[in-house]
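So you can see what is in the structure, the chains are spelled out below.
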Amino acid sequence: MRKKCYIIILFLLFWAVLIPAVLRISYVLREKEGTNIQDNFKQLERDSVDVVFIGSSHQFCTINPDLLYEEYGINSFMLATSAQTIPMSYYAAMEAIELQHPKAIVLEALYCTNDFRTVTPEMSHTFFDGMPRCEAGKLAIEDLIEPEEQIYYYLNLGRYHTRWKDLTEKDFMSNLDSPRGGFYSEETKYNWQIPVISKDEKEPMPEEMLKYLDMLVELCKENKVELIMYVAPFNSLYDEENTREDLFRRQRIFNWLEDYTEEKGLRYYNLFYEIPEMNLDGMTDYKDSQHFNCYGQAKVTRYMVEKGYLSISEENQE
Amino acid sequence: MLFNSLSFLIFFPIVVLLYFVIPPKVRYIWLLLASYFFYMGWNAKYALLLLFSTVVTYGAGLLLYKWREKPGRKKTVVAVGLVVNFGILFLFKYLDFVIDTIQSLVAKVGITIAEPSFNLLLPVGISFYIFQAVGYMVDIYREKLAPEKNFLKYALFVSYFPQLVAGPIERSTRLLPQLKNLDKIKVWNLERIRSGALVMLYGYFLKMVIADRAALLVDTVFHANYYSQYVGFTALVGAILFSVQIYCDFAGYTYIAIGASKILGVELMNNFNTPYLATSVKDFWDRWHISLTSWFRDYLYFPLGGSRKGKLRKYVNIMIVFSVSGLWHGAAWHYVVWGMLHGGLRVAEEITEKLRTKVTNLLQINTAVLSYKAFRVCVTFFLVTIAWVFFRAESIGQALDLIKNMLTVWNPWVLFDDSLLCLGLDGKDWNVLLFALLVMFVTECFQYKKVSLSGKFAEQNLIFQWGFFLVGILFIMVFGIYGPAYSAAQFIYFQF
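Chains E and W supply the protein sequences, listed in that same order. The first sequence begins at 1 in the working numbering and counts up by one. The second sequence begins at 1 in the working numbering and counts up by one.
Quick caveat, the hints were computed from the structure, so don't treat them as lab data. None of these values were measured; they are calculated from a predicted model.
Calculated lysine to any residue pairs in the SDA-like style (CA-CA distance at most 20 Å, straight line):
{"#": "1", "chain 1": "E", "residue 1": "LYS165", "chain 2": "W", "residue 2": "LEU434"}
{"#": "2", "chain 1": "E", "residue 1": "LYS165", "chain 2": "W", "residue 2": "PHE475"}
{"#": "3", "chain 1": "E", "residue 1": "LYS165", "chain 2": "W", "residue 2": "LEU420"}
Excised from the complex, chain E in its bound form (with noise of 0.2 Å):
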């Protein structure tokens, strides 16, 4: 009897020793691009924070949550994340709900206008590592990722474990990143003048992701926290010849939402529009044809404040 408690304690040894190390080893070997924002939301205090920013890589290089603190008071958190499409950032808002109760969630409204559930597995990473272990978590990933894939969106070393050739010294560092979630970048690109088209000009958003919008809209109508809209103006999305009609597509889907944000009751603010007032410098204000740089995004951040359109509505206020 006695040598088979031995044994026992033991085995609990080796395995209180062998997955903390595991998890530890986990981490490093983590992509931390774009993840530490998962991290960093995770280690907030509960209903702390009264803004909520989802939506993708125009929503981060869009909006400083930094300045939004510092310079007006507003206590936000970004949890856009590269590639975050209209089901992740339903989901990202179901997180945002059960961990922090905002009082608004604004989305950045660029996936409205792509057809897809996730983009690929790399940057699926990007939203679920990290990702507190949460209910929303849970069903996201049985929602988005192949029953098969599952696991590795559970126990990230199977998909990371060759990247012990990459590592630098930033991942065995704690997180350095914004406590907000802001991304900055000084890199810049001279971006032609956009085109914008005429207001009129309209096109539906794929029905899928108009499923999931409803949904968004319908989580923070039953939970009673503002959804607030806006589209970032951008060049063209990628750096290739023939995007015009492209981007053209993308505005008459804008313009569409118009109309949908109208009949929802929901606020919502095409700066495509605004261009001229926001008083956007092609020289200076992009790191390339679709993403503010610092600059720019401190320019399109004062702006939204100081119109209003970050504004909580006073049902909203406690």
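We have chain E already, so just place chain W on it with the hints.
Positioned in the frame of chain E, the structure of chain W alone reads:
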């Protein structure tokens, strides 16, 4: 369910834990259920085939024993048993091959025949379990063994999950008595569990760190569309790494099987004994896939007459056995050529033995020294490696092209100018591979010298032993090849 799959890593601890705590009398039933569950992980329907083969050989065993005094009936029973079992094997493994061969032969005389479609998938492990079941039946026929009366225990013998899909092909005289006495095993034996876990760990190391890493380069060099680009030393490195890959893959799998079975208290036979340290092709086959080689020796070579009917007949028998062995490995002519090549080398060794002895005496070569042994090991490894090209290639033509390109193009600079870094393994992967090969080589040298590393390990302090397991597991988790391919390039490309 593969040994290196997550499902096995969940399945095995559950099987072991329950096996340790359930009443000893029902352990065999639990292992039988686990074995069928394990097998059904691939294709549930094919478990019926396993069951069918089990029922046939079980029934044949009982009849052979009942009619042990009636040679005529015995012969009929064993013949029916053999026809049914090898019929199953033929139907699922060789029918398409035979049809293809007939088609290509008649096409040469201008006749075209429509290809019948059977859509039969090759059931995993069929060659292994059928050979094991047939061996049992023949052993009873030869009166080496009394039949097992308990059907469930016999079914466990045929389906025992650690060795079900990739061997070792166990003999009924060895495995069956152990499975019959599972209730007498002292399950809480730390020494045995530790030793089994160590063997499993080594198996995972061979499979995941070496074999699957070597495969990245091998797949490039042997690619059906691009192999002609790889010539000289590049092709040679590809062939050598295939020798490494196939050994580490197969031996790794076997070690995991042996270790897993040891944890359950059942000893499986050793299937590999440092085969690449063999000094001749004969020696190689005494060390490579020992359970299959001995199966062919006992159930095919000896019945053919072995070496008792003169030298010429012996050489013919060797060629037959190796050709059949080639066919056993795969239903394609390049496997048969691989087998025949080994048979030819074996026969050539026998024929030239006296001549070689004369030459070494004439040149006053001391055959007892290490350098001479090392020379013979290198020659044997080279011959075996050339033969492996036929095994790995997808056709005889591809194999011949590769060997021709390997031996006729002189480009030693590829070993130094980073050309080898463009074949699927970068510099860091090469470092890991070479380090792992060094570890394997040292381990094999101990094994060659018959030093029990497991015994030495057991002598160490407990803290070292558990630390070794921890480091070993973490090493394999990080440096093993598994999981979905992670693409750093994709991350960078899709940064936004």
